[in-house]
Every structure is written in structure tokens, then in C-alpha cells.
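Could you slot chain B onto chain A? The hints should help.
Chain order of the listed sequences is A and B.
Numbered continuously in this note's numbering, the first sequence closes out at residue 1484.
Numbered continuously in this note's numbering, the second sequence closes out at residue 453.
Where hints are given, some of them may not hold.
[Claimed, not checked] Listed next, the in silico DSS-like pairs over lysine-lysine satisfying Cα-Cα at most 30 Å (straight line):
| hint | chain 1 | residue 1 | chain 2 | residue 2 |
| --- | --- | --- | --- | --- |
| 1 | B | K449 | A | K1362 |
| 2 | B | K449 | A | K1416 |
| 3 | A | K1465 | B | K239 |
| 4 | B | K317 | B | K393 |
| 5 | B | K241 | A | K1474 |
| 6 | B | K422 | A | K1292 |
| 7 | A | K1267 | B | K241 |
| 8 | A | K1416 | A | K1471 |
| 9 | B | K241 | A | K1465 |
| 10 | A | K1362 | B | K393 |
| 11 | A | K1416 | B | K343 |
| 12 | B | K398 | B | K239 |
| 13 | A | K1474 | B | K343 |
| 14 | A | K1416 | B | K422 |
[Stated by the list, open to error] Covered by chain A, per the in silico footprint, the following chain B stretches (three or more residues, Cβ under 8 Å):
| hint | stretch |
| --- | --- |
| 15 | 232–246 |
| 16 | 257–263 |
| 17 | 375–388 |
| 18 | 399–412 |
It should be emphasised that the hints constitute simulated quantities derived from the structure, not laboratory data.
Ideal placement from N, C-alpha and C gives every residue a C-beta, glycine not left out.
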Amino acid sequence: MLKISSGKKSIKINQTTVQLILINIVIFALMSYLRPNRFLTLFNFQSMCFQFPEPALLTIGIAITMITAGADLSIVSTANLVATLNGMLLLYVMPTDASSGTVILYLALCLLIALAIGLICGTINGILVAKLGIFPILATLGTMNLFTGISTILTKGQGVFGAFPDELVFIGSGMLFGFLPVPLVIFLVILALVYLLIHKTPYGLKTQWFGSNRRASFYSGIDNVKTVFRTYMFSALLGAFTGFLILARTNSAKADYGMAYVMQALLASVLGGVSPLGGKGNIFNVFLAIIALQFLDSGFNFLRISSFIRSSTYGALLIIGVFLEYMYKKRQEKKMVKRAQEASPKTS
Amino acid sequence: MIPTKKSLVKFTKSNEFVVLCVFIAVAFLFGFINPAFFTVRNFYDLLQSIGVNGIFACGVMLVIINGGIDLSFMAISIGAAYITTRGLIAVGFDGPIIVMFAISGVIGMLFGLCNSFLISKFKIPIFIVTISIANVIRGLVMAFVGNEYVPSSQMPSCTVEFSRRFWFNAVDATGSQYGLHFSVFITFGIMLFTAFILKYTLIGRGVYALGGDAVSAERIGYNLKRLRNFIYGYAGMLAGIAGIVYVSNNRMADPVSFQGEELTVIAAVVMGGVKITGGKGSMFGVLLGLLLTQMINNNLVLIKVPSYWQRFTFGCLVIVAVLFQALRERKQAKL
Chain A
1137 MLKISSGKKS IKINQTTVQL ILINIVIFAL MSYLRPNRFL TLFNFQSMCF QFPEPALLTI
1197 GIAITMITAG ADLSIVSTAN LVATLNGMLL LYVMPTDASS GTVILYLALC LLIALAIGLI
1257 CGTINGILVA KLGIFPILAT LGTMNLFTGI STILTKGQGV FGAFPDELVF IGSGMLFGFL
1317 PVPLVIFLVI LALVYLLIHK TPYGLKTQWF GSNRRASFYS GIDNVKTVFR TYMFSALLGA
1377 FTGFLILART NSAKADYGMA YVMQALLASV LGGVSPLGGK GNIFNVFLAI IALQFLDSGF
1437 NFLRISSFIR SSTYGALLII GVFLEYMYKK RQEKKMVKRA QEASPKTS
Chain B
119 MIPTKKSLVK FTKSNEFVVL CVFIAVAFLF GFINPAFFTV RNFYDLLQSI GVNGIFACGV
179 MLVIINGGID LSFMAISIGA AYITTRGLIA VGFDGPIIVM FAISGVIGML FGLCNSFLIS
239 KFKIPIFIVT ISIANVIRGL VMAFVGNEYV PSSQMPSCTV EFSRRFWFNA VDATGSQYGL
299 HFSVFITFGI MLFTAFILKY TLIGRGVYAL GGDAVSAERI GYNLKRLRNF IYGYAGMLAG
359 IAGIVYVSNN RMADPVSFQG EELTVIAAVV MGGVKITGGK GSMFGVLLGL LLTQMINNNL
419 VLIKVPSYWQ RFTFGCLVIV AVLFQALRER KQAKL
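Bound conformation, chain B alone:
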């Protein structure tokens, strides 16, 4: 995939290019105001903070390209992770963390398949289904599995060990050690995998087709039901995996986590150029969107903006991004 001149020119016309420019501009702005921004440590921090959201974003991206909005991924995530953690503690589990990932992924996938079942069979709007499933999962988990959080003393040892795995260690100016946490590699691995599926497999192209026009996709020969199962099942599985990363990093499993934070991920995906009406979007754009949102969130403090400005800034960002997308589409439609 060596970029040719033609493909580079094409790139400059895309949404992703605009996001890239904005990202570079904002980065320079931050760095100008506070040079502490340009350290490797800050960069590592940035990569780490998109860890969990990055995994979410892959799943959310699939749903949005498909033409819907998923508000349930966070509930699925913490639900699956909490069930897994409590269940494994109950049986005295002491094995490798990959087992936790696997179990949580399967539970998440099952939750996701509930979504796709309701959407396919009963044609209930995606927004309603996901917001209800989110509430139902949270409620059921609290009711039947328990509503106390699992403190770090009880967490399985593999999670504690996982949270301490750093690569590319280095020592910064003050002498304290820091490094890139392993979960970043998991996130990037998943992103690459998802991008590969989207671009080079038939089912991945099917996601775009379904988002562009469901009827046409069906006529071409895609089985819509199976496509939807794949999309929501995959998103659910990713959510489950992300949940384990989250509870490991925080060394605690609290079933009320993630409330109200769905917009962060959705905004990052939308800002990355994924069209909200579906049919268009790329992983690179999503990555840029994630970096941009996290960078702004993390570094407002660096430029001395008080924390209670965060929500407003974020809302502005989302609106500007969506506005920009809409205006661009209008201009393109007029051509």
C-alpha cells in the first residue's frame, strides 16, 4: 500500500485528512502553550488512554457504518466483565488472563446478539433497542450478580499482573519509570484486525453495503440477518474484551462504571469521519478521532482549563465535528 501521488491527492479530499490537520493543529497549539505536552511520557499517556475506548470504537464503528447508533456497548462491556470476574472469583480461578478475555468476549457477544435479534426480527429502531438493552443489562447484572464492586484484593491475580505489564520502558526526567502498557498493543491489534476485516473481507464490505443501502445490499446477495448478527455480535465481543482491559487496569470491577460515557466514543468515531448515516468510514479516521478527543480531554489541564469546562468543550467539539461533516456533505452534493 505504497501511497501513490493519485491516492495522496484523493486522501486530501477526504474527511480523514481534515481530522488529521485539526489534530496536528491542536497538538501544536497545546505544545505551544505548554511544552510539557511534547514529551514521550505524555505521548505514552495519550496512547494508553485511548486503550479501552479504542476497542469500543472498533465495535461502535461497525454499528455506525451500518447506519445505527449503539448506546449499549458500555453496559455490555461492564456487564460481561463483571459477570466474568465474579464468576471466576467464585470458582477460585488463578489462570492466565486470556481465559478472562475469552469468557467476557463470549458473554459480550451473546449480549450483542440480543441486540441484533431484536433489530432484525422486530424491526425496532436501533437506538431504542440499544438504549433499552443497556438499561436491562445493567439492571439484571445488579439484581442477579450483585451490586458491590470487586475490590483489588479480590481480583484474580492475572489481572493484577496484566496491569503491571509495560513494554518500552524508559526513565523520564524526574527519574520515575514509565512505559507503554501492554493493553495499547491489544487495542492496536484489534484495530488492525477490524480494519483488515472491513477492507479485505466480503463480510466487511457487507457492513458498508448495508449501511449505504440495505435494499441494494440484499439484492446483491448479502444475508442481512447474518450481517447484523456479525456486526452486533462482534461489537459485543469487543465490548467484553474492553471490559476486562478496563477492570484489569483499574484493578477493580464496579458494575456502575461507564455510565454516561458513551458519547465520548461515539463522538470520536463520528469525528473520525464515519458518516452518521452510514456507509462510509475508515479505521484510520477513527484512530485520529480517538486521538483528537483524548488529547483534548487529557490536556485541557495542561493549558490550565479547569475541569468543569470539559463537558462544554466536549459538547462543542461534537457539534463542530458533526456540523463540519454536514456542511461538507452539502457542498459535495451540490457538485
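Just chain A, with the same shape it has in the complex:
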């Protein structure tokens, strides 16, 4: 494992990172070769940069809960709920001829709502999983239906559509300085924050320790309940903010938008080196995995591969990914045993 440092900052680079960079290059090259005049265009990259922040943020939310040996399946539903509420606020409450200043005020209100919903959803998940010890998958399956259900009730089964103010559209589809997509910038900022959170704060270390070995972390004096609670809180906050972004980009909100993202998010997390059993997790690697999957998805688009084959490919890749990690672990164990055997005094 080597560290690239420049002064105080450093990014961990380990074997998985190198593998992922290679995978990225391979996929990129393959897709460029197969469809050069579609894949290798600035337009394609720009549209990818607009699209991928949403599933990427959701992936990161799921990834941090995976580090604690769980999974937050309700994160997409939280996003949809926020998108619905924000959409309803902007369409039904905000006056249609509002000045730019008022619009910005309302957008700030939207963000406040997102914050509130994130906190509420996170608290619900946190209580169920951390305080009551309910199996995370089951608890979040339940809350997923709960939150989606609330969105469905609010919109009476339909979505939220309409003409949204330009300021909102700019956040979702605008470009800074003429070429930097706004969602990409937002995503990179959040990515950096989450990376710092997981790898540089005591809380982040605690989540990794908890995921590795609950008992040991408990006996070390770590408050397991608080750690897991905070994890689901952060996940919900990420989901909530993503909801705002979804509204900004698609200018619509539906209760069950993006459910397919859950599978993608699981896959990206596992490919990024997060073990579904908890413990290991490197946010930068997850980011690389997200990019790889985005290239793959874009390439599939141009190759006109149907969405069912896509999700079955993701399913197969997920199994292969976990399988490879298992083999890797086994090899490591064998090496360690061998090393121990060679180091111990010969007995015969």
C-alpha cells in the first residue's frame, strides 16, 4: 500500500485502487473501440457528468452503511420523498411570477426541507437498526416502502410535473464557466467531504472498526449504537440531498424513481472494495467503481443492450466481485499461514 502525499493531504492507494484504475481504462478503451463516434465525444462525457452524480451519491450512502455490515435500501425512497416535497413546494406554494431573489429563498427552503427529511428518515432507520438491532436489510426494506408510500400518498399515485424556475434548472442542467456541469461540481465537493469523514475523522474510523468486529469495538469502549445511528443518518442525508438534485435535473418527481439504482449502488460498493460483511471500505475506490460502471452503462446504451440484460450483467458482476474478494482473502490467509509455518522452529 503506498500513499501519495503532498504536504498534509494524502490519498490511500492500495491494490484495489490500482485494479480499479485498470478496469476503468479497459472499459473506457473497449467502449471507445466499439463505438468511437458515440462514446468518445465531449457531448457524451458531459451528459455522463450530468447523469452520474445522482446514482453516485446514492452509492456512497449505501457504501457507508455497508461498511457497518448493513445496507440502507431506503435511500432511494428518501430521495424520492424529498424530490416530491420540494417539487410540490416549488409548484404549488411558490408564486409563479416570483422574482429571482424569492426563488432563491424558496430553493433554500427546499434544501432545509431536504435536511429535515434526511434527519427524520435517518432517525427512523437509525432507531430501527442501531437502537433496536433489527436486521438492516429488513428494516430498510420496510422504511423503503414506508417512504415510497408517503410519496405515493402525497402525489395520489402520480408524480410531480411542471414548469420549474430557471434557477433550479440551472442547478440540474447548467454549467459553470461554460463547461463544468453543476451537478458534477456538487458531487465532487460532497465526495471529498465524505472521504474526509470516513477516513480522517474518529467517527469514520469507528464505523470501519464496528464493521470489522462488533464485539471488539464494543469492548474498546466505542459506542456502537451511536456510530451506526450516525451512519444511517448520513446515508439518509445523502439520499435527501440527492432528491433535490433529482428534482433539479429531471424537473419531476416520482415515488418510485430510480429503484434500479439500488442494484447498481450495491454493485459499485462491492466493486469498490467494500465488503458486504462490513469493515473494509475506501471511498475513493468506490468513486472509481462508480465511474467504471458509468462508462459501462453508457457503453451499453450505445450498444443498445436492453435494461434486463444490463441488470443481469450487474448481478453476475456482483457475484463475481464478491467471489474474487473471497478468493483474494483465501490467498492472503494461505500466505500468512505459510509465513507463520516458515517462521516457526522446525519440529521433527
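Chain B alone, transformed into the frame defined by chain A:
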């Protein structure tokens, strides 16, 4: 199995008893709000609607007692059923429906064995394996067998005949005929069979053992690999059978069926008192859980709750049920 006083008292302390109380309470609530609830026809409807899910629940129950969550049973089910239907149509099949059940059951079992292979050999978490297998099966079926649904005109004649088999026919107040569909008996038969296996056979007890503590089970002498093969193979087979029941009743085989409905069955099983961490659970509880969930799903309309409240109600139900289980466990652990 005559209930003695002691066993009755023991029963009142179990999860199943609570579910039974809730079931009776909710039933009375529904009936109070709308007396149309208390008709035989409604009761038959209720039994029929747990038909397909009931078969699923038997398989899912095995997996959950075993300590895992199976999210692949629906994909296996429609995959096996669709392959069977398309295959039999292609060879011009016109025989009894039991052949369809058999073929679909075998295909389902093979799919299920894939699950157990990946879980046993590579120690991949059950949740990941099943969710991936589900996606892979759906994708492969769509890719290699076809993605159009089979309309009722092309369905084998045995399925159409099966869908019309009713027993205990009666005529209701408006003069229309109704009866208990044959598939209900299949479901109950499978439930009894599964319950028998779980309670009275060595391999059934092994499922509980594995769920309680895998290491102890191994020490006692259970072959974990074989146990897992049994569990997932049996669940897969049941899923295949359920799939044929489904396509027969609907007179159509659509490969995109069942998407997103896994939680309904899992919730019913969990609500019936099957501990999610594994090791505990009974068929009676599962039956109650199924009845409760279906009753609520079917009858929200009767008490004038709009359909878009269904998902929310359902989510609430699941959470309340799981909450209740968790709180109960805490109380018991403190004793």
C-alpha cells in the same frame, strides 16, 4: 396433538399468539366498518389470494429460519414457469398440468441449487447472492427465451382448465357462482407437507439448527452443505410450482411479473413470528402472517382507503411487526 392446558398456556406466550390476536382484532375492525367483510365469498377470496404467496412463503420461511433473506424466489418462479410454458408450447404439449408442475419444479430447484452452491462454496452473503441471481435469471430468461408474454390463447389447455377448477361451489346473494379454487388446496397441501418436514424429520430440525447456530449444527453432525442444498433447492422447487399456479390462474405468462413484490411474502413470514435472525418460526405463524397481510391488502378498499395508501400501510405494518418482534426479544432477554 390435542392441546393440553400446559401447551395452551405456552402458546399464549408465543409470537404466533400475538399475531392471532392482531388478526382477530383487525378482522373484527374491518367487519365492523363494513359488514360485507364477513361473507363466505370474501373468505374464499382471502384464501385464494394467499394461494401463490403461500407456496412462496413455505420456501422463504425455510431460508429465513436458516438465517438468511431470499430475494430471488420470485425471479426463479417466473423464470421457471415461463421457460416451462414456452418450452411446452413449442413442442405442442397437451397433457395434464402435473407435468408442467413437475418440469417447473425441477427448473426452480436447479436455480435454487445455484443459490446454495454460491453460498456454501464461496461464503458470499445470502442477500447478495439472491439479489444477484434474481437479476441474472430475469436477464437471461429475457435474453434467451424471449421477452414477450404468452397470451391466454397460446397457453396450454391444461392451464386454462386448471384455472377453472373450483370446489365447494356456492351461489351468493347476487346469484353469481363462486367457489374455492383448487389452487388453495395445493397451497394448503404444500404448507402441511412443509410443516411436517420441519417438525418431524431430521432434515427439518436441521434447518432450525443451522439457523440457530451454524457451528453447533455442524458439531452435532449435520452436513451443512447438504442442508443448504435442501433448503434452497426446496425453496426453488416451490417457487417453480408457485409460478405455474400463477400463470395458470392469470392465463398468461409474462416474464416481467413479480417485480418488487418480494417484500410482501417476506413481511408475511416475518410477521408470522419467524425470527429474522433465524432459528425460530412455525408454519402456523406464517399462515397467520399471510392471512393478516392479505386481509389488509385486499380489504383496504372495503373500508374506503384509496389504493395509493396501500404501500404506506404495508410499510408501516412491516415496521410495526419487526419492531414488535425486536422489543419482545429484548424483554425476553432481560428475564
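Consistency of the hints with the structure:
{"no.": "1", "hint": "B:K449 with A:K1362", "in the structure": "22 Å, holds"}
{"no.": "2", "hint": "B:K449 with A:K1416", "in the structure": "34 Å, violated"}
{"no.": "3", "hint": "A:K1465 with B:K239", "in the structure": "14 Å, holds"}
{"no.": "4", "hint": "B:K317 with B:K393", "in the structure": "16 Å, holds"}
{"no.": "5", "hint": "B:K241 with A:K1474", "in the structure": "23 Å, holds"}
{"no.": "6", "hint": "B:K422 with A:K1292", "in the structure": "15 Å, holds"}
{"no.": "7", "hint": "A:K1267 with B:K241", "in the structure": "28 Å, holds"}
{"no.": "8", "hint": "A:K1416 with A:K1471", "in the structure": "20 Å, holds"}
{"no.": "9", "hint": "B:K241 with A:K1465", "in the structure": "11 Å, holds"}
{"no.": "10", "hint": "A:K1362 with B:K393", "in the structure": "25 Å, holds"}
{"no.": "11", "hint": "A:K1416 with B:K343", "in the structure": "28 Å, holds"}
{"no.": "12", "hint": "B:K398 with B:K239", "in the structure": "25 Å, holds"}
{"no.": "13", "hint": "A:K1474 with B:K343", "in the structure": "28 Å, holds"}
{"no.": "14", "hint": "A:K1416 with B:K422", "in the structure": "50 Å, violated"}
{"no.": "15", "hint": "232–246", "in the structure": "holds (count 7)"}
{"no.": "16", "hint": "257–263", "in the structure": "holds (count 4)"}
{"no.": "17", "hint": "375–388", "in the structure": "holds (count 5)"}
{"no.": "18", "hint": "399–412", "in the structure": "violated (count 0)"}
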